[in-house]
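Enquirer: Residue-level listing of the chains:
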Amino acid sequence: MPLLSILIFGPLLVAAILAFIPRHDVGLQKAVALGGAVALFLISLLLFTGYSGAGYLFTENHAWISTSVFTSRYKVGVDGISLFLVILTTLLTPISLMASWSSIKTRVREYLIFMLVLETGVIGVFAARDMFLFYAFWEFQLIPMYFLIGIWGGANRIYATLKFFLYTLVGSLLMLVAILWLWNTAGRTFDIDTLIKNAGTPIQVQTWLFLAFALAFAIKVPLFPLHTWLPDAHTEAPTAGSVMLAGVLLKMGTYGFLRFCFPLFPEASRAFAPLFMTLAVIGIIYGAIVAAVQPDMKKLVAYSSVSHLGFVMLGLFAFNAQAWQGAVMQMVNHGISTGALFLLVGVLYDQRHTRLIREYGGVASITPLFNVVFLTAVLSSAGLPALNGFVGEFNILLGAFQASPGLTIAATTGVILAAVYLLWMFQRVMHGNVTHEENRKLKDLTHWQMAYLAPLLFLMVWLGVHPNTILSRTQGAVMATLESSRVPGSTGSQPALQPQAVSFEGGPAR
Amino acid sequence: MSLLPKLIPLFPLLGFILCGTVGKRLSRAAVGALATLSVAISFVCALLLLRGFLMVPGEGRIIETTLWQWMPLYAPGQAVKGLDVALLVDPLSLTLTLIITGVGALIHFYAMGYMAHDARYSRFFSLLNLFVFFMLLLVLGNSFPMMFVGWEGVGLCSYMLIGFWFEDMANAAAGTKAFIVNRVGDFGFLAAMLWMFSITGSLRFADVFANASMFTASALVGVTLLLFLGATGKSAQIPLYVWLPDAMAGPTPVSALIHAATMVTAGVYMVARCHVLFSAAPTTQAVVSVIGVLTAFFAATIAMVQFDMKKVLAYSTVSQLGYMFVGVGTGAYAAGVFHLFTHAFFKACLFLGAGAVMHGLANNIDLRYMGNLKKYMPATRWTYLAAVLAIAGIPPLAGFFSKDDILAAAFDRGHAQPLWLFVYALGLATAFLTALYMTRSYLMAFEGEERIDWAALKAAAAHGHGHGSDGDAASREPVRGEVSADDKAHLIHELPGMSAVLVILAFFSATAGFVFGISALKPEWLPNLSFEKWLEPALASWWTHGSAVAAATEAIPAHASNHVALAAISAVVALLGIASAVALEKARKLDTSGVPQPLYNALFNKYRVDELYGAIFQTGGKALGAWLWQVFDARVVDGFVNGVGAAAKASGSALRRWSTGYVRSYAFSILAGVIIIIGYLLFYHPVIPPVAAALGRGAF
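For the protein sequence lines, the chains are A and B, in the order given. Just so you know, the numbering used here puts 218 at position 218 of the first sequence, and the rest follows in order with no gaps. So the numbering used here is basically just the index in the second sequence, starting at one, shifted up by 1000.
I should point out that these hints are in silico values taken from the structure, not numbers from a laboratory. One or more of the hints may lead you astray.
To be verified - Computed cross-link-like contacts, BS3-like style, restricted to lysine-lysine with a CA-CA straight-line distance of at most 30 Å:
#1 Lys1488(B) <-> Lys1586(B)
#2 Lys1533(B) <-> Lys1458(B)
#3 Lys163(A) <-> Lys1488(B)
#4 Lys1374(B) <-> Lys441(A)
#5 Lys1374(B) <-> Lys1622(B)
#6 Lys105(A) <-> Lys197(A)
#7 Lys1586(B) <-> Lys1606(B)
#8 Lys1589(B) <-> Lys1374(B)
#9 Lys1024(B) <-> Lys443(A)
To be verified - Cβ-Cβ distance ranges computed for the label pairs, FRET-style:
#10 Thr49(A) <-> Glu1611(B): 43 to 49 Å
#11 Ala1587(B) <-> His436(A): 42 to 48 Å
#12 Arg440(A) <-> Ala1623(B): 48 to 54 Å
Said to hold, decoys possible - Chain A residues, not near chain B, derived (Cβ > 10 Å throughout):
#13 Leu13
#14 His24
#15 Val26
#16 Gly77
#17 Met98
#18 Trp101
#19 Lys163
#20 Tyr286
#21 Pro385
#22 Asn395
#23 Ile416
#24 Leu442
#25 Trp462
#26 Arg486
Beta carbons: idealized from backbone N, C-alpha and C, even for Gly.
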């Protein structure tokens, strides 16, 4: 069964069905969209249960574009790394739809269609095994995101969408140039495996190609100082848009580094590692400090993403198994915990139509269940051990320390700062006396809200105590990527950053 | 035997889940009983383990048992191995387990009375159970990360329980402060783990300690100092002690269990657990001992002039923890753990006594509005007095033996290293202050003239009991009106259940030191029951892995006669402290402990350390954050981005026509641009490589 094609085109099919439902029958539109998204999530679980060992599975390879000038094939497949990002996408899509069930009131059908189209684009990015196909999906997912913010966003949405679009586009176009260069030098093929095998690009050229790719990905992550589009985009986006943006779209950047930059340009990647690690650490601390002073909860969570993704970047540029395992884990974790935080802020916003921290206070005494769920999400985001966030951060730090002890110690201060900005916000929103009478009418979480929050809560705890659910499946892919990102014959330009000699049972031998 | 260790943390976890989920539907008695029993059953399991241990020789007293693999570890040059969720029981962790579950069960039972009228009763007990669970993980974990799970877990519970009455923002802020200050320490713990892993490729205690020889001397000092930073956070030592006095905002059973008997001693436990590393790092030992004794002295001076009974006890806890660090820092690990053991009893007894007073006085905790309570609260008075004498170090009560062990060890080490003579001297001075301020708190609360605010009590009784927050008696009106003796006895009463717990704790405060302490003198007629002997299987490697300094310490002959003399000095100093307090009372100078101005102001304001930290970290941090956000982000980075946008916009009128403000036109233009560029590049692809190559050459 072509599982991946079902997952990629399934959302489009559901979107097409929506087009035939009468405009006024909003309830049916929502039900069909949600039903389709849930079904797709269940189908994606087949990937999880069916995935074993290492390497790419569920591969499909068909002729797609074949012109006299170039050919591109529809080649898709997932390994342990993309597997979880695909599942994260299929999980967050129905959750986002449920969260926006009653908060989106205008142009509901278009909204649902864009959400589904977005799902197609993102899954396509994570599954593509052909460079052209990857680029097509990469650009494609921009369009629904653009409209989601631009139409259903807040007051300042035009500025935010333009900023989001221009930032992303600048990077993407340079990446396109680099892709075409690779295509030309590697025998005019877009096949990623072939490109990686032939990746003997001289270091001078590698540098430029690496930078072109890296710019696109670094903007997406976002890596300091390319992050300023993110807080604006998040503040203006509807809740579901923020969940998808933080939950999966940012991961396309970190995924891109791991999947493309490192295997294609191993020498250049290592040469730039000190720079990127430094920027990552600056991002961790900078994002946290700026998050602490935000008056707007959503902006606070957005800046916290800069900090969290800094950890992922630090791990990626450490070039060892421990850090990469942590980085992959942290990509998933961030989707879960930050997704939950955006959802919970959305729960408050839907009732009070403000996200300003000072408008709240004493909420804990009114909504006890919300209190527990919110605290759990905050602690997951703050990296409390026995919850998921810790496992990712800890693995990243363990691995990164071997590459750069100094930078890693600096990054470790991020755990202090995370407690500062998250708990301080929590205290001001939830504790104290009720200072605004309107807040007395706040409703506690409904069954509907719990239905979409419960899976995330479960994952926070489960992945914290049994992270091997993910780590045992990503191990093979991480080892294989590490192997293909190895510098042939050790150029010795960055002795501290040489890949660690990892002997690994069952994996590719060094 | 391998099942029991797994059961010990299981029961409190079950208690937490049950109380947390169905607790609201159960009766209060059922919730309290459930929570108390879950801890009590764990205590029984620990006792069974103890029985098992006592039947085997010392070498057999170690059990390590694995539950599941937590995560894989990829140490450079080593095979992949698992970091396990696994438990380690040895005499050291079993001692702590017995304290946690034993004292914990008593405090749970006490809390059933103390919290009886609280609105969030089931939440309280579920959190208390969760705390016990994490505390057990902390001491039973077999690796640094497992310990860290407990370490941060207890911090979380502490945070939630300090801010239990979160309607009062001051309580919530105290909780947040505790968590954040602890995180500063946790940073040290985390960094130490990273460093140790990079050296040994493992984080399991047994692996790390077995490979201690792989550490360079500077790595040892670095790792142990980082670990000690963690300890200063959790155990409230200089410079991270500031959270503990504020933590008294929590309900008093929490203060007794978490902030006196168990959690705050985790740092001492950690140093003892890592004795192999600390013993090999003499620089760190000196730092630990000096920080410990400075904290002990410094906190004792503050305690002399406080009026909040719980604050006095809080500073006293900080001070006593300092003693424990002197013990473990000197290398006398058994003495440090011994003091941890005795302290758990007398400090829990003191706190619960203070809780009984608060319960009786409608939440008043201000010593100035007490006095003559012996008339109304006899059980509380006698148990409190016993605990005061124990902490003051009056023989043969518990504190005397354990404190004296520590001071003697410091004195012994002072032969080789004069630094420890300073430690000893300051420790002795602290002993005097301890006796003084503890006696002061007893005299002000239970003896002397009656300064009770009867009007406030009457008003509180009319409104029913409640524990909204700890009362701020300073702002109350002084005593007014006449209240009859019958009324008084009715207004202030003791609960039998609570008093029973006080009596048990007072009993152990009096006796817990004697058996073990007297053995240290090694009389011929007694088998060796000393703490040192009991902990030997866990601490034995101290002698084998020791450095030159350790060997030097070993070489110092321990004179029993010498120790008797030291013990006599300690006892005299304690008596002097008590006598001074009594004299001050006679002179009616107990309020200020006779401290002259302006020193009194400095002490009363706690040397203004909180204000200093606040100015640096809160005010400074906020200013930095605001600058980065509103200047750097908005002007520098965005200024550049917007500038590029504006430049592009201004570059042609054609572009301006597209700037219609309609989203779809922007989207269309961008999409069209992408297609045009892609098309251009695809069909004129030969153009690209030479251009890029030229660029590449140009740059290199």
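Enquirer: Of all the hints given earlier, name the ones this structure violates by number, lowest first.
Expert: Numbers 2, 3, 4, 5, 6, 10, 11, 12, 19, 20, 21, 22, 23 - these are the hints that the structure violates, sorted from lowest upward.
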